[in-house]
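Protein chains: 2
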Amino acid sequence: MTDAPPVDLTTGVADLAAALVDIPSQSHHEGPLADAVEAALAGCAHLTVTRHGNTVVARTLLGRSERVLIGGHLDTVPEHGNLPHHVEAGMLFGLGACDMKGGVAVALSLAASERAPVRDVTYVFYECEEVASEFNGLQALADSHPELLEADLAILMEPSNAGIEAGCQGTVRVEVATTGRRAHSARSWLGDNAIHAASGVLDRLADYRPRRPVIDGLEYREGLSAVGIRGGVAGNVIPDECVVTVNYRFAPDRSVDEALAHVAEVFDGFAMTVVDQAPGALPGLDRPATADFVSAVGEMPRPKFGWTDVARFSALGVPAINFGPGDPALAHTRDEHVPVEQLDSCLARMRAWLRG
Amino acid sequence: MTDAPPVDLTTGVADLAAALVDIPSQSHHEGPLADAVEAALAGCAHLTVTRHGNTVVARTLLGRSERVLIGGHLDTVPEHGNLPHHVEAGMLFGLGACDMKGGVAVALSLAASERAPVRDVTYVFYECEEVASEFNGLQALADSHPELLEADLAILMEPSNAGIEAGCQGTVRVEVATTGRRAHSARSWLGDNAIHAASGVLDRLADYRPRRPVIDGLEYREGLSAVGIRGGVAGNVIPDECVVTVNYRFAPDRSVDEALAHVAEVFDGFAMTVVDQAPGALPGLDRPATADFVSAVGEMPRPKFGWTDVARFSALGVPAINFGPGDPALAHTRDEHVPVEQLDSCLARMRAWLRG
Chain A
1 MTDAPPVDLT TGVADLAAAL VDIPSQSHHE GPLADAVEAA LAGCAHLTVT RHGNTVVART
61 LLGRSERVLI GGHLDTVPEH GNLPHHVEAG MLFGLGACDM KGGVAVALSL AASERAPVRD
121 VTYVFYECEE VASEFNGLQA LADSHPELLE ADLAILMEPS NAGIEAGCQG TVRVEVATTG
181 RRAHSARSWL GDNAIHAASG VLDRLADYRP RRPVIDGLEY REGLSAVGIR GGVAGNVIPD
241 ECVVTVNYRF APDRSVDEAL AHVAEVFDGF AMTVVDQAPG ALPGLDRPAT ADFVSAVGEM
301 PRPKFGWTDV ARFSALGVPA INFGPGDPAL AHTRDEHVPV EQLDSCLARM RAWLRG
Chain B
1001 MTDAPPVDLT TGVADLAAAL VDIPSQSHHE GPLADAVEAA LAGCAHLTVT RHGNTVVART
1061 LLGRSERVLI GGHLDTVPEH GNLPHHVEAG MLFGLGACDM KGGVAVALSL AASERAPVRD
1121 VTYVFYECEE VASEFNGLQA LADSHPELLE ADLAILMEPS NAGIEAGCQG TVRVEVATTG
1181 RRAHSARSWL GDNAIHAASG VLDRLADYRP RRPVIDGLEY REGLSAVGIR GGVAGNVIPD
1241 ECVVTVNYRF APDRSVDEAL AHVAEVFDGF AMTVVDQAPG ALPGLDRPAT ADFVSAVGEM
1301 PRPKFGWTDV ARFSALGVPA INFGPGDPAL AHTRDEHVPV EQLDSCLARM RAWLRG
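Protein sequences appear in the order of chains A and B. Take 1 as the starting number for the first sequence in my numbering and just add one per residue. Take 1001 as the starting number for the second sequence in my numbering and just add one per residue.
I should point out that these hints are in silico values taken from the structure, not numbers from a laboratory. Treat the hints with care, since some could be wrong.
Stated by the list, open to error - Computed footprint of chain A on chain B, listed as stretches where at least three residues anywhere in the stretch have a Cβ under 8 Å from a Cβ of chain A:
| hint | stretch |
| --- | --- |
| 1 | 1056 to 1067 |
| 2 | 1243 to 1250 |
| 3 | 1283 to 1293 |
Stated by the list, open to error - Pair ranges (Cβ atoms, derived):
| hint | chain 1 | residue 1 | chain 2 | residue 2 | range |
| --- | --- | --- | --- | --- | --- |
| 4 | B | R1181 | A | G53 | 29 to 37 Å |
| 5 | B | A1271 | A | S295 | 30 to 38 Å |
| 6 | B | G1317 | A | D276 | 58 to 66 Å |
| 7 | A | H28 | B | H1028 | 25 to 33 Å |
| 8 | B | Q1026 | A | H28 | 27 to 35 Å |
| 9 | B | A1271 | A | V118 | 53 to 61 Å |
This one's a predicted model, so the numbers in the text were calculated from it and none came from an experiment. Heads up, the beta-carbon is just placed ideally off N, CA and C, and yes, glycines get one too.
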């Protein structure tokens, strides 16, 4: 792996976002991007910068009465024929443009330019958000340096179409397995085909009708999806195991335990193993800090479907909302992109709010 | 990889089979076993030994009016917690004991002991029978040295319960794929889940009723089986592709083209790619050389369900039958084994036939 080129935080936010897209940073491989971010922030005399794995924290220490945390993850899902970036019709295309190097570019621009914000700011750029939560850089920071995450409000710049998205859905990931008995495929009747048995699992998934509960006036929307399947021993062997990895995204009126009980009910009769879990977060629009930001930015909150680290802040007792550029529906798609206009608009409104 | 220990061909056939089991030889990794076999045969002055990749050929050149080919493959399917060998209640257990190191041990014992057979003999010990036919060592030999395969009759010592199995079923392997559209799994309704779509493929497999046609008085038995499935991009991405590998074993009244047309009909509406194919072989019990061997061994032929290289000889115009120790139903199972009594019985009858 070669070093990434230096990142210039004084360039326009769209150029900065484009430069970030062109530094590959698939989960577990954020090193070069974290290096570039750390080096750029270290050049800002008004910031105190620390590094924790591939997570970079930069703080103002101005003794303000309030502190706001502005965060974004550095990692992306795997490349999908969408590197390097390109700009077309006012849109920046490329891996991570939407989720969430656009938001990271806004936060980095703020970090460099806002030398004397009316609120102290903690900027957090972290690793491994797109993989199992055991690897999540924000959680690692909460475990090792919880004082760095103390704040009156956390704003995660995850894509939210430059509007405010409140709360977030939870997520559990389970493996549903079928078993059978191996045999030579030339005498298939002597075996018991675990892949054929998995038709029962896939049928339940295909037939599933997800909930759409309303919470604090916001309609959430659940999903139960196979995200992986594997089975097979050799080209002439009846397979004795098939494993379907299923991801359940659930509205924040359900706890993780309730979500797991529901999934267990859906796959009743099949063996199930939990591989990952993270609770949702209720919208919390009645919290003072949240209400204040909502009022200042002048946007009607919408429900957040994706799981984001607002749930982690929620668990730490820090009110948190999502506010960032890009359409969340484009996240993880091959042609994900972010409107340059939203980069500018998010930056302008955050800047105005930080300037009081 | 370390060298295998020397193989002693003068030991009893059961001890020899046990020694062969304990030299791992998964397909594509037959080198150490081929080395041991080649070295052992090179010590027999009455044999002319040649090596072709990991295939070893040993011939008598006595100028007899007839030549018989006795063959077996050196490779096994992957290990499955069944190494090293053990002997229990007169059975030799272990990876490949049944398919087909038992048969190879019989052939090696004959090669060493029969210095003046009434028929010239070509012994062929070859690589890569358990994987796609493009790698098959016998086919490689047919392509590079077809003269080495000339014979009046070929006897493959594949497991046939020490009886004669005639003809063999054909095999085709195809990949049946579903496609979809990626999206973040938190907004699954924006994607199109290719794994869920594969429920249609698995349902057709689970519902399939195979044919059991009767040919030359022998009842064959077909099978259509998933032998592999794969799909998934990341734990939070709706997958846009799922691939099911399907193996169709078909009776020898169907050609490869007819078999493929049938599979295409079963999976009508899904994309299908052919990855491997091999024709079956009709029983051919009316061929003089086959009838002669059947009469000498004194066994009623049965149909061969598994594909074996008799089909390759059939295509070369050489009559071929399966005759070897071990229950073919145990092939590729964790507890595959071979009765010591069948090793002895096959050896004794082959020896008697070669002595005239």
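Tell me if the beta carbons of B:A1271 and A:S295 are separated by a distance inside 30 to 38 Å. 54 Å, violated
Does the hinted range 53 to 61 Å hold for B:A1271 and A:V118 at CB? For B:A1271 and A:V118 the Cβ distance comes to about 59 Å; the hint holds.
Is the hinted range of 29 to 37 Å satisfied by the C-beta distance from B:R1181 to A:G53? 34 Å, holds
For the stretch 1283 to 1293 of chain B, do three or more residues have a beta carbon lying closer than 8 Å to a beta carbon of chain A? violated (count 0)
Three residues or more, CB to CB closer than 8 Å: is that satisfied between the stretch 1056 to 1067 of chain B and chain A? Violated: only 0 residues of the stretch 1056 to 1067 of chain B have a Cβ under 8 Å from chain A.
58 to 66 Å was suggested as the range; check whether the CB atoms of B:G1317 and A:D276 agree with it. 60 Å, holds
Count the residues of the stretch 1243 to 1250 of chain B with a beta-carbon closer than 8 Å to any beta-carbon of chain A: does the count reach three? Coverage by chain A holds for the stretch 1243 to 1250 of chain B (4 residues, Cβ < 8 Å).
Beta-carbon spacing of A:H28 to B:H1028 - inside the hinted bounds 25 to 33 Å or not: 30 Å, holds
Range first: 27 to 35 Å. Now tell me if the beta carbons of B:Q1026 and A:H28 are that far apart. 31 Å, holds
The structure fails hints 1, 3, 5 (numbered hints given earlier, in ascending order).
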